[in-house]
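Chains as they are written, first to last, in the working numbering: chain A, 1334 to 1615; chain B, 4 to 357.
Among these hints, one or two may not hold up.
To be verified - Keeping only pairs whose Cα atoms sit at most 25 Å apart, straight-line, the calculated SDA-like set for lysine to any residue is:
#1 K1520(A) - T186(B)
#2 K105(B) - A1535(A)
#3 K1520(A) - H93(B)
#4 K1520(A) - N87(B)
#5 K221(B) - G98(B)
#6 K350(B) - G220(B)
#7 K1520(A) - K24(B)
#8 K1520(A) - R117(B)
#9 K1520(A) - T58(B)
#10 K171(B) - Y226(B)
#11 K105(B) - L1529(A)
#12 K1520(A) - K221(B)
#13 K1520(A) - T277(B)
#14 K1520(A) - V1503(A)
#15 K73(B) - A22(B)
#16 K105(B) - K1474(A)
#17 K1520(A) - R97(B)
#18 K134(B) - F1522(A)
#19 K1474(A) - Q1498(A)
#20 K73(B) - L1519(A)
#21 K1520(A) - Y226(B)
#22 K111(B) - P1458(A)
#23 K105(B) - W1449(A)
#24 K69(B) - R1512(A)
#25 K134(B) - A1536(A)
#26 K34(B) - K134(B)
#27 K134(B) - K1474(A)
#28 K134(B) - P1458(A)
#29 K1520(A) - D132(B)
#30 K24(B) - P41(B)
#31 K350(B) - Y226(B)
#32 K134(B) - M1592(A)
#33 K350(B) - S291(B)
#34 K111(B) - I124(B)
#35 K69(B) - N11(B)
#36 K111(B) - F1522(A)
#37 K24(B) - D132(B)
#38 K34(B) - A264(B)
#39 K105(B) - A1536(A)
Source of the hints: derived by calculation from the structure; they are not laboratory data.
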Amino acid sequence: MVENRPFLTFLSHLVLIAGVFVVAFPVYLAFIASTHGPTDFLSGLIPLLPGPHMIENYSTMLTEGVSTGGAPPLGTMMWNSLIMALTIAIGKIAISILSAFAIVYFRFPFRQTVFWAIFITLMLPVEVRILPTFEVVANLKMLNSYAGLTIPLIASATATFLFRQFFLTVPDELMEAARVDGAGALKFFRDILLPLSLTNIAALFVILFIYGWNQYLWPLLITTDADYYTIVMGIKRLADVTDAEPKWNLVMSATVLAMLPPVLVVIFMQRLFVKGLVETEK
Amino acid sequence: MAGIEIKNVRKTYAGGVEAIKGIDLTIPDGKLVVLVGPSGCGKSTLLRMIAGLETITDGTIEIGDKVVNKLEPAERDIAMVFQNYALYPHMSVRGNLAYGLKNRGTPKVEIAERIEEAARILEITPFLDRKPRQLSGGQRQRVAMGRAIVRQPKAFLFDEPLSNLDAKLRGHMRVEIRRLQRTFKTTAVYVTHDQLEAMTLADKLVVMNAGRIEQMGKPLDVYANPQSLFVAAFMGSPGMNLIAVGELQALGVGLPDAIPASTGTLGLRPEDVTLEAPAEPHIVIDASLDAVELVGSESLVYARAQGIEKDIVVRTPGIHPGEPGDALTLHVAHSALHCFEQTTGRKVEIQRAA
């Protein structure tokens, strides 16, 4: 808006600041809490200024963990989470881009049926099919393994659908020109379609990485071995102590650490987003 | 170097729609053949069948004495220029030109040489390292041409390559394409719906209608001697005046006896209708002026004659000073009359002897 009304500017800034405050304040509190000693919360009041125990808390979490909570050091859990998130993100992208390629560029019987079959699974989130999936994974002896953590979450109707929609906007002439230029189906995919989808892939990667990182229910169900705990479910275990106050300073430092990788991914991938927005012409 | 031989080719789509209804066509080696017709006449389908992008339902297509019906587009050794250019957006101009050669395993040194050569001819050397989106429409068009040229194929296929350009550029590129095709002496098939492009580019003009060939021949022959009402109406801008014989007779126009009895429609080219009486035998139509379009170098006079449904268009040099309502006398030499049969719409010859 090109209007120049000081009051309106003031009001809109006020609303924005209030919005930021609502979102950012809990994060701030978590950070503050992670810098205090274990006894500072017993009064029931949470301090608002940083305390002196930050380095101590974080190093405890990273190296030793909290034995009473049954949680291994954070390093292991973060490594597990990283493997899970990366495998899920990369696996989902690889599988869905290939199936979208098949659906859009190949004529085979029941093509539409296949597409709709994939599409319908969109309506079934992990939680709905979690019991049968658990049964299958257990029978395949994949409990307490990276395979068990990732494979059941890899198939993705959403990503397939997004890639399909993108491929449909790529002009047919491009494929025909490639055919005349001597590129077969896979060559066309590798040389032309894949580079064109790069920004879509980056966007999906961010979304899927966070999706994988934030998985809670599934890892909680299939891991009983502390070596395979992921950090998001680990926090739950840290807070879950019997007959004692949870060590909030340690829980909060774990929370802050758990937040870091998704934030880094977003910040790093943002460049690709912007690039994708500038270069939209096909 | 190879001619293209099309024998009794048909195309039926899955839905049962017959797009091409039996076409025989010889495209001589090194010549530029233009397929022209209204949209939906099957000209693009035929081109795509030559390219190998559409399957052939029936008949055979030979490129350089080799039946190519079952071959992939890449194996047919043709290069195609698309209407929307179809440049690979993520590759530089150089990458676009090189892609087809790379896929054929051409040595790197030769690829570089060919690209330099093509870029020089097309004057796109300064843009070689740019991406297609940084180029204007005309430059993209040149790159698309370049992609065809570097391949040194047996035949060029053009699918309405100029229709995305503005009028001025189109005129320029038309001349360019003609020049290039002459230079390389490569067989070329060119599809367009623009009859001006068709007239100026073609060595051989093929007018298509509803999946069949209406007429083919040298452009000027087709223009001067249309064999059917369809061709008469399609070629030329403004098109030929087509007037029912009955309407002329009702108006009291004295038609020559030489006109065959079966004639239903008379065709008069706008430039054959004159306002002054010619020396040779002619017919006379009394009319009144309806409107004048001043093009600059010439004027298009729309004349209304009583009982004749459509205005008769007269093309006359210079600026016509008339006002609407002025009386006009139109003259058409007997030799310039085109007669079309009542029942079939085919051309019937005037008996010249009479």
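Status of each hint after checking the structure:
no.: 1; hint: K1520(A) - T186(B); verdict: 33 Å, violated
no.: 2; hint: K105(B) - A1535(A); verdict: 28 Å, violated
no.: 3; hint: K1520(A) - H93(B); verdict: 15 Å, holds
no.: 4; hint: K1520(A) - N87(B); verdict: 22 Å, holds
no.: 5; hint: K221(B) - G98(B); verdict: 39 Å, violated
no.: 6; hint: K350(B) - G220(B); verdict: 15 Å, holds
no.: 7; hint: K1520(A) - K24(B); verdict: 35 Å, violated
no.: 8; hint: K1520(A) - R117(B); verdict: 23 Å, holds
no.: 9; hint: K1520(A) - T58(B); verdict: 22 Å, holds
no.: 10; hint: K171(B) - Y226(B); verdict: 24 Å, holds
no.: 11; hint: K105(B) - L1529(A); verdict: 20 Å, holds
no.: 12; hint: K1520(A) - K221(B); verdict: 42 Å, violated
no.: 13; hint: K1520(A) - T277(B); verdict: 63 Å, violated
no.: 14; hint: K1520(A) - V1503(A); verdict: 16 Å, holds
no.: 15; hint: K73(B) - A22(B); verdict: 20 Å, holds
no.: 16; hint: K105(B) - K1474(A); verdict: 48 Å, violated
no.: 17; hint: K1520(A) - R97(B); verdict: 19 Å, holds
no.: 18; hint: K134(B) - F1522(A); verdict: 20 Å, holds
no.: 19; hint: K1474(A) - Q1498(A); verdict: 37 Å, violated
no.: 20; hint: K73(B) - L1519(A); verdict: 20 Å, holds
no.: 21; hint: K1520(A) - Y226(B); verdict: 47 Å, violated
no.: 22; hint: K111(B) - P1458(A); verdict: 51 Å, violated
no.: 23; hint: K105(B) - W1449(A); verdict: 38 Å, violated
no.: 24; hint: K69(B) - R1512(A); verdict: 20 Å, holds
no.: 25; hint: K134(B) - A1536(A); verdict: 23 Å, holds
no.: 26; hint: K34(B) - K134(B); verdict: 33 Å, violated
no.: 27; hint: K134(B) - K1474(A); verdict: 52 Å, violated
no.: 28; hint: K134(B) - P1458(A); verdict: 42 Å, violated
no.: 29; hint: K1520(A) - D132(B); verdict: 23 Å, holds
no.: 30; hint: K24(B) - P41(B); verdict: 16 Å, holds
no.: 31; hint: K350(B) - Y226(B); verdict: 13 Å, holds
no.: 32; hint: K134(B) - M1592(A); verdict: 39 Å, violated
no.: 33; hint: K350(B) - S291(B); verdict: 29 Å, violated
no.: 34; hint: K111(B) - I124(B); verdict: 20 Å, holds
no.: 35; hint: K69(B) - N11(B); verdict: 16 Å, holds
no.: 36; hint: K111(B) - F1522(A); verdict: 23 Å, holds
no.: 37; hint: K24(B) - D132(B); verdict: 46 Å, violated
no.: 38; hint: K34(B) - A264(B); verdict: 40 Å, violated
no.: 39; hint: K105(B) - A1536(A); verdict: 31 Å, violated
The structure shown violates the earlier hints numbered 1, 2, 5, 7, 12, 13, 16, 19, 21, 22, 23, 26, 27, 28, 32, 33, 37, 38, 39.
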